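*Asks:* Chains Z and F are the protein sequences, given in the same order. Counting from 26, one number per residue, gives the positions in the first sequence under the working numbering. Counting from 4, one number per residue, gives the positions in the second sequence under the working numbering.
No lab work stands behind these hints, which were simulated from the structure alone. It should be emphasised that the depicted structure is a prediction, and the values quoted were computed from it without experimental measurement. Here a beta-carbon is modelled for each residue, glycine too, at the ideal position from N, C-alpha and C. All the given hints hold, so there is nothing to weed out.
Residues of chain F clear of chain Z, computed beta-carbon distances all greater than 12 Å:
hint, residue
1, 87
2, 93
3, 163
4, 279
5, 281
6, 312
A partial selection of chain Z residues facing chain F, derived with a Cβ cut-off under 7 Å:
hint, residue
7, 37
8, 179
9, 221
10, 229
11, 272
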Amino acid sequence: MLRSQTPLRFLGIAVGTALLAGAVVPGSGAVWSAPAVSAQALPPVGQDSGDEGQTPPDDDGGFNSLCLMCHGEPAFETSLPSGETLPLYVDQSAFEASAHGDLECIACHPEQRTIPHWPLTAADRRAFSLERARSCETCHEEAAESYEDSIHGVTVRLGLDRAAACADCHGNHDVQHPIEWSNEERAQRCQKCHEGADANFASGWLGHREPSPSWFPIAYYAERLLIVLTTAALGFGIIHVELELMRWAIDRFWRKKE
Amino acid sequence: MWPLSWLVRGGPRRGSSTDAATYRRVRGKVGPPGRRPRRTLGRRRSAATAVAERSPRRPSAGGGPASVRASQPAPEPERIVRFDRHQRLQHVLMLSAFTVCAVSGLPQKFPDVGASRWWVELLGGIENVRDIHHWAAYLMLADCVYHVLYLVFRVGVQRRLDVLRMIPTPKDIDDAANMFLYYLGARAEKPKFDRFTYLEKFDYWAVFWGIAVIGGSGLILLFPVTATGILPGHILPTAHAVHSDEAMLAVGWIVIAHIFYVHLSPRVFPFNTSIFTGRLRGEHYEEEHPLEYQRLVERRRAALQTAAAGAKGVPAPEGRTVHLDTS
Chain Z
26 MLRSQTPLRF
36 LGIAVGTALL
46 AGAVVPGSGA
56 VWSAPAVSAQ
66 ALPPVGQDSG
76 DEGQTPPDDD
86 GGFNSLCLMC
96 HGEPAFETSL
106 PSGETLPLYV
116 DQSAFEASAH
126 GDLECIACHP
136 EQRTIPHWPL
146 TAADRRAFSL
156 ERARSCETCH
166 EEAAESYEDS
176 IHGVTVRLGL
186 DRAAACADCH
196 GNHDVQHPIE
206 WSNEERAQRC
216 QKCHEGADAN
226 FASGWLGHRE
236 PSPSWFPIAY
246 YAERLLIVLT
256 TAALGFGIIH
266 VELELMRWAI
276 DRFWRKKE
Chain F
4 MWPLSWLVRG
14 GPRRGSSTDA
24 ATYRRVRGKV
34 GPPGRRPRRT
44 LGRRRSAATA
54 VAERSPRRPS
64 AGGGPASVRA
74 SQPAPEPERI
84 VRFDRHQRLQ
94 HVLMLSAFTV
104 CAVSGLPQKF
114 PDVGASRWWV
124 ELLGGIENVR
134 DIHHWAAYLM
144 LADCVYHVLY
154 LVFRVGVQRR
164 LDVLRMIPTP
174 KDIDDAANMF
184 LYYLGARAEK
194 PKFDRFTYLE
204 KFDYWAVFWG
214 IAVIGGSGLI
224 LLFPVTATGI
234 LPGHILPTAH
244 AVHSDEAMLA
254 VGWIVIAHIF
264 YVHLSPRVFP
274 FNTSIFTGRL
284 RGEHYEEEHP
294 LEYQRLVERR
304 RAALQTAAAG
314 AKGVPAPEGR
324 TVHLDTS
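With the hints as extra help, turn the sequences into a complete structure.
*Replies:* Shown next, in the form of structure tokens:
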């Protein structure tokens with residue numbers, strides 16, 4: 026045995042620190058969950074968010090009035106196989122005041138551009154709502170991607186229908202630009218499922234963006250720290266196991282045991 | 004299972020129950036092999052049970068092999084109790100809760116993998132999987148509370164301080180460095196470990212810290228409205244990221260390192276049962292934790308001398324099982 030353990034101790038500390046530091050380099054590139062998205066400022070009201078999706082057609086010729094001949098009637102509704110009634114009324118003034126107010130109906134409902142309409146495929150109202158959420162992806166690709174990796178998105182994908190989809194928070198025909206929302210207004214939407222949610226609860230919402238040093242920095246750095254620790258710990262474990270096996274193999278097959 | 008371990012090891016391990024000399028000694032066979040008269044009238048107990056029932060604190064009650072051995076010098080402890088009942092129960096609870104949490108949590112972290120969907124359907128849907136995950140989490144938290152109370156009681160009330168040997172010391176850094184040098188062939192021998200090796204301490208404290216992080220973030224995710232009543236809102240995405248990433252660390256460590264060292268390593272293959280039975284063979288103990296073993300042997304010798312020099316007529320304590328209480 027060594028007379029003095031001190032140099033060995035420092036070597037051990039140095040190696041351990043190097044292992045941790047070495048984990049930072051690969052760790053800072055790897056992300057477990059959603060792909061890294063550069064933080065963008067939210068676009069001002071009235072403009073497209075800059076997604077790659079198609080620009081929806083504007084309603085310049087009064088096409089919507091054709092739809093509103095039926096869908097403008099307050100009593101217009103249908104029933105679904107589950108027995109629920111699905112209201113088909115669209116409030117024109119509310120729609121025109123919304124963020125989508127100058128879009129055509131068929132921008133989001135392209136499959137309904139002919140009459141007779143395609144038959145409904147949803148079994149109940151919830152399934153209908155989730156089906157409709159697919160149409161938001163056409164223009165809001167980044168938000169949809171981010172949603173897919175969020176708690177709500179994952180839960181819906183795994184089959185829990187009651188988790189929030191696009192319209193549950195944003196509404197359908199009365200969508201407001203989210204930048205105009207205060208945390209109190211957001212909390213109103215959260216309370217549909219999370220009883221007692223307050224503005225503080227709503228302030229935890231990532232807003233369809235990934236954490237970054239400027240956006241929820243605590244979440245960002247916590248995740249980075251975890252990745253560094255995981256890399257260091259598992260790296261240490263793997264090296265240790267490999268060395269043990271190597272030593273055993275050498276002793277067993279190349280050296281006689283004393 | 005044991006033929007496979009012979010293949011791995013190159014024969015029965017010296018001191019294992021299938022090693023001929025040990026077998027004969029454990030079974031109390033003295034003298035040349037041959038027919039011996041029954042020494043116990045009535046129910047003959049197995050060596051293991053007989054061993055477990057006698058302890059150095061009580062004089063040997065039954066007849067049988069003990070009376071034979073009373074005339075021989077007390078042998079070194081054959082099986083040493085390393086984990087008491089509480090520790091064993093805590094480990095079993097943690098093992099079950101951890102496994103169930105892992106298998107119910109992984110499909111939630113990787114929902115797009117085909118196996119995840121299949122597994123969720125097999126368990127009856129995502130609602131069921133979430134419930135299973137939550138119940139296993141409550142079990143894990145209960146086990147943690149049990150463990151902390153147990154430690155407080157053992158150290159604070161019973162004053163049995165041996166569990167404090169789990170606290171890391173600078174010697175562990177030396178041991179780790181020397182172990183790596185031994186692996187690489189620069190040292191002829193492994194370092195001499197005390198009751199808990201540096202790897203066992205790392206195993207314990209990583210789980211301790213990991214469960215604290217996972218449990219805390221998990222509770223935040225379970226009760227987000229209550230949590231944001233006390234903490235700022237950004238704790239929610241933080242808890243979400245931390246919970247799943249720490250879970251990956253824990254599962255990775257357990258599968259890679261822990262399972263290897265207690266199960267698959269050639270030195271313990273097929274199984275290190277000591278965490279379940281609580282006992283470890285003396286030779287194995289001497290090999291793995293020599294410093295603690297020396298301390299134990301000296302205490303036994305001191306106890307034997309005290310008993311021999313003390314009251315006459317009280318038979319010397321000579322169990323094969325020694326409760327490892329070196330505090």
